Amino acid sequence: MKPVKTRVILISVLILISVFSIIPSVYQNTPGWWKAVIGNAEMHLGLDLQGGVYLVEKVETGKAVKEKLYKDYADIKSFVKAKKIGKPADLTFKNNYIVLSGSLLKNKSGLSALKRYIKNHHVSLNLSGDTIGFKPSALSLYKKEAVSGAVEVMRNRIDQFGLVAPKIARQGKNLIVVELPGVKNVKQAIKLIGKTARLTFKLVDDKHNIVKALNGKIPKGDEILYHVKYNKYSHKTVKIPYLLKKTVLMDGSAISSANVQMNQYNQPEVGVSLNSAGTQLFSKITTKYTGKRLAIILDRNVISAPVIEEPILGGNASISGHFTIAQADNLAIALRSGALPAPVQIIQNNTVGPTLGADSIHDGILAALVGTILVILFMVFYYKFSGLIADFALLENVLFLMAALSLFGATLTLPGIAGIILTIGMSVDSNVLIFERIREELREGKPVVIAIENGYNKAFFTILDSHVTALITAAVLFYFGSGPVKGFAVTLSLGILINLFTSLVGTKVIFDIISNKKELKKLSI
Amino acid sequence: MEFIKNTHYNFIGKRKYSFVLSSILVIFGIIEIITMIAGTARIGIDFTGGLSMQLAFKHKISISSVRKALIPAGFKDVKIVKIKGKNDIIIQTKAIAKDLNAYTAKIKKVIKESFKENPPKVVSSEMIGPSVGKKLAKDAVIAIIISIIAIILYITWRFEFRFGLAAAIGLGHDVLALLGVIFIFQKEITLLVITAVLTVAGYSLTDKVVVFDRIRENLKIETEKAKHIDLKGLVNISINEVLTRTVVTSLTVVLVVLSLFFLGGIVLHDFAFTLLLGVLIGTYSSIFIASPIMVILNEKHYK
Chain G
1 MKPVKTRVIL ISVLILISVF SIIPSVYQNT PGWWKAVIGN AEMHLGLDLQ
51 GGVYLVEKVE TGKAVKEKLY KDYADIKSFV KAKKIGKPAD LTFKNNYIVL
101 SGSLLKNKSG LSALKRYIKN HHVSLNLSGD TIGFKPSALS LYKKEAVSGA
151 VEVMRNRIDQ FGLVAPKIAR QGKNLIVVEL PGVKNVKQAI KLIGKTARLT
201 FKLVDDKHNI VKALNGKIPK GDEILYHVKY NKYSHKTVKI PYLLKKTVLM
251 DGSAISSANV QMNQYNQPEV GVSLNSAGTQ LFSKITTKYT GKRLAIILDR
301 NVISAPVIEE PILGGNASIS GHFTIAQADN LAIALRSGAL PAPVQIIQNN
351 TVGPTLGADS IHDGILAALV GTILVILFMV FYYKFSGLIA DFALLENVLF
401 LMAALSLFGA TLTLPGIAGI ILTIGMSVDS NVLIFERIRE ELREGKPVVI
451 AIENGYNKAF FTILDSHVTA LITAAVLFYF GSGPVKGFAV TLSLGILINL
501 FTSLVGTKVI FDIISNKKEL KKLSI
Chain P
1 MEFIKNTHYN FIGKRKYSFV LSSILVIFGI IEIITMIAGT ARIGIDFTGG
51 LSMQLAFKHK ISISSVRKAL IPAGFKDVKI VKIKGKNDII IQTKAIAKDL
101 NAYTAKIKKV IKESFKENPP KVVSSEMIGP SVGKKLAKDA VIAIIISIIA
151 IILYITWRFE FRFGLAAAIG LGHDVLALLG VIFIFQKEIT LLVITAVLTV
201 AGYSLTDKVV VFDRIRENLK IETEKAKHID LKGLVNISIN EVLTRTVVTS
251 LTVVLVVLSL FFLGGIVLHD FAFTLLLGVL IGTYSSIFIA SPIMVILNEK
301 HYK
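Residue numbers (the numbering used here), protein chains in the order written: chain G, 1 to 525; chain P, 1 to 303.
None of these hints come from the bench; they were simulated from the model.
Bear in mind the structure is a predicted one, so any value in this text is a computation, not a measurement.
One or more hints might be untrue.
Straight line, CA to CA, 27 Å or less: simulated DSSO-like cross-link-like pairs of lysine-lysine [unchecked claim]:
#, chain 1, residue 1, chain 2, residue 2
1, G, K486, P, K138
2, G, K292, G, K246
3, G, K143, P, K135
4, P, K5, G, K458
5, P, K232, P, K5
6, G, K184, P, K58
7, P, K116, G, K184
8, G, K236, P, K121
9, P, K106, G, K187
Use the sequences and the hints to build the structure in full.
What follows is the structure, given as structure tokens:
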């Protein structure tokens with residue numbers, strides 16, 4: 001007699017747990033307490049199955065660094081001017097450097113004063129020879145910060161979509177991967193995520209003539225930006241030019257919250273609350289420039305340029321600009337989540353429509369079913385009753401695999417389904433190996449019970465070795481693969497591990513039960 | 001039920017034929033790799049970068065009419081594929097434009113304007129920048145090299161070095177021969193096809209491990225048998241002993257892969273095709289390539 005009780009209990013419990021944990025993934029109306037028991041773990045459909053979008057965005061870190069340097073440049077320039085070390089024109093801004101020239105270079109004491117100033121106030125900068133540039137350590141830090149900052153901002157924006165399992169992760173040096181399975185309005189989502197959303201406030205230059213400026217005579221320190229307006233009656237976009245002072249008076253960092261509200265004409269507008277520093281700054285600006293026009297600019301588009309009627313001291317303001325509700329909503333989200341530290345560029349965009357996804361699921365399930373039935377029939381045909389036992393192990397294997405995927409909250413992708421199908425095909429391998437061993441033993445004239453024992457024992461290390469080598473390749477696949485391929489590697493690895501259990505323990509116990517009940521003279525194999 | 005009983009095939013003796021066949025396949029595989037490096041192979045847009053768009057039209061659509069609409073707009077290097085049994089077409093183009101976003105939008109616009117009576121819907125679209133593809137290709141090569149090294153190490157540890165080396169050569173053979181078949185059938189190398197190749201690598205290894213395991217066992221215990229026969233004979237006996245297993249396990253995998261091939265849908269078609277051929281090649285090479293090579297390695301060792 002072989003003790004089988006423990007193994008029977010173990011397998012029964014595992015089967016129960018598996019069924020219990022799969023149901024919430026398959027049946028949508030599973031009661032809440034049930035879901036809570038298994039920790040709300042559920043299998044999700046990948047975006048190739050339910051539709052959605054996969055984006056890889058490249059953060060233009062160079063631009064973030066450049067902008068940072070430009071700010072320092074302005075400060076250093078004012079220092080040079082204040083201390084009368086040289087003329088402001090002696091400092092020129094080249095892409096990644098500030099270049100010194102003229103009288104400033106000849107002024108030895110001035111130069112050392114500048115050096116000291118940089119050392120004390122701009123720790124990340126370094127003056128050597130005639131150029132000021134970032135220290136290499138600071139440069140890589142800023143680039144890193146730009147990417148992680150962009151990830152944070154994007155995460156805030158994505159949260160607004162209310163998706164079940166969105167993913168956002170940094171990849172490599174300057175890439176961000178965004179996965180939005182099940183997102184409805186793909187176009188709008190892509191637009192909103194990638195919006196730089198840099199809000200700036202600049203003064204409108206009323207003293208100079210805009211027409212002259214448009215003809216190329218832009219006054220020093222000024223720039224031309226446009227307000228783009230869509231006329232819904234004539235279906236034309238109109239660009240209205242504004243002549244603005246380049247200096248940024250205030251930017252989006254002054255904002256603490258933003259919401260859509262209706263104004264007195266029942267038009268949507270974005271109400272903005274400023275933080276304490278922003279409130280102070282804004283009251284200063286509006287006091288100083290009362291009666292002038294203040295342009296509100298998002299990225300490079302002028303949203304509106306209202307006249308400052310009176311000083312605004314309370315820290316609340318509203319932005320109106322002939323918005324639709326959706327536009328106002330997007331603007332509010334963008335302002336709430338803050339600006340991206342650098343512009344981003346989409347370098348990969350996979351969009352899958354929901355119909356294609358539904359087709360894929362249908363085809364995948366059909367292929368899996370047909371494949372399973374073929375294998376099951378073949379095993380019975382070739383190994384008779386023993387084949388049936390192997391089929392039991394096969395079903396166990398699939399069940400455990402699905403349960404593991406549900407409990408891990410894994411994302412099921414189309415290659416993942418292929419992985420499950422492949423697992424089905426390979427899961428009987430171990431049992432075939434064992435059965436062939438048993439047949440050999442029987443041929444040598446050994447009694448059935450001993451043949452079974454020997455078959456399992458002799459096959460054990462072969463099975464172990466072959467599984468480990470397969471696991472090695474699956475692990476490598478996981479390491480190098482992206483998105484869907486990772487899903488494939490996960491299902492394959494889990495399948496291999498589970499198979500080790502089901503084919504060795506799951507089938508052996510049945511043989512033992514049978515041989516305990518009656519003395520086996522013959523084996524149907 | 002037994003297909004094969006007490007076989008005594010002389011597999012090792014057939015090695016001349018199998019080596020010739022494999023050499024041809026491997027040479028094609030090397031050609032495939034060279035054309036891949038040279039950039040003339042049919043490499044999917046996941047590696048080259050580019051655009052792929054599946055459009056579902058309301059009514060029947062012909063490839064030529066789509067091409068006719070695209071050529072005057074300046075889209076000449078486009079591949080257009082029709083999906084059987086549906087009013088769907090796939091438009092593909094490799095990365096040529098700098099701004100792929102704008103390029104994608106332009107193609108969409110041209111198609112939508114040309115087929116106003118038969119409005120298409122974008123079922124899926126894929127846009128991949130060229131830099132992404134390069135990284136992917138590099139990662140794939142690294143993955144294959146790492147897995148080969150890891151496997152030599154593992155098998156050397158569990159068996160002997162000559163087994164590890166023979167398994168690794170067999171594995172290299174399988175990957176190259178599979179690429180050779182891909183070359184012969186002029187299939188496109190996509191991320192999924194590479195995934196299939198790596199999966200086959202894993203599968204063919206398990207197969208080799210099983211055969212080698214039997215050889216090792218016979219070397220150890222069957223001193224009675226081993227006295228009278230040389231290693232060649234011993235390997236032959238071992239292969240024959242596990243032949244049923246080899247055939248049956250390949251058969252079960254082939255069964256599921258076939259259902260994947262015929263029923264799994266267009267996305268998985270090439271994937272299943274590669275798996276199918278890979279399983280066949282892997283099984284063949286365990287018997288006809290890896291085992292004879294093990295014998296050859298051994299002969300050198302003892303002489």
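Consistency of the hints with the structure:
With a C-alpha separation of about 17 Å, the suggested pair K486 (chain G) and K138 (chain P) falls inside the 27 Å cut-off, and the hint holds. Pair hint K292 (chain G) plus K246 (chain G) holds up; C-alpha atoms about 15 Å apart against a cutoff of 27 Å. As the CA atoms of K143 (chain G) and K135 (chain P) are separated by approximately 20 Å, the hinted pair is consistent with the 27 Å bound. Under the criterion of a C-alpha separation no larger than 27 Å, the hint pairing K5 (chain P) with K458 (chain G) is consistent with the structure, at around 20 Å.
Between K232 (chain P) and K5 (chain P) the alpha-carbon distance is near 21 Å, which keeps this suggested pair within the 27 Å criterion. Between the alpha carbons of K184 (chain G) and K58 (chain P) the distance comes to roughly 21 Å, so the proposed pair stays at or under 27 Å and holds. This hinted pair checks out: K116 (chain P) and K184 (chain G) have alpha carbons roughly 24 Å apart, not beyond 27 Å. Under the criterion of a C-alpha separation no larger than 27 Å, the hint pairing K236 (chain G) with K121 (chain P) is consistent with the structure, at around 25 Å.
Restraint check: the Cα-Cα separation between K106 (chain P) and K187 (chain G) comes to about 15 Å, which is no more than 27 Å; the hinted pair holds.
In terms of the numbered hints stated before, the structure departs from none.
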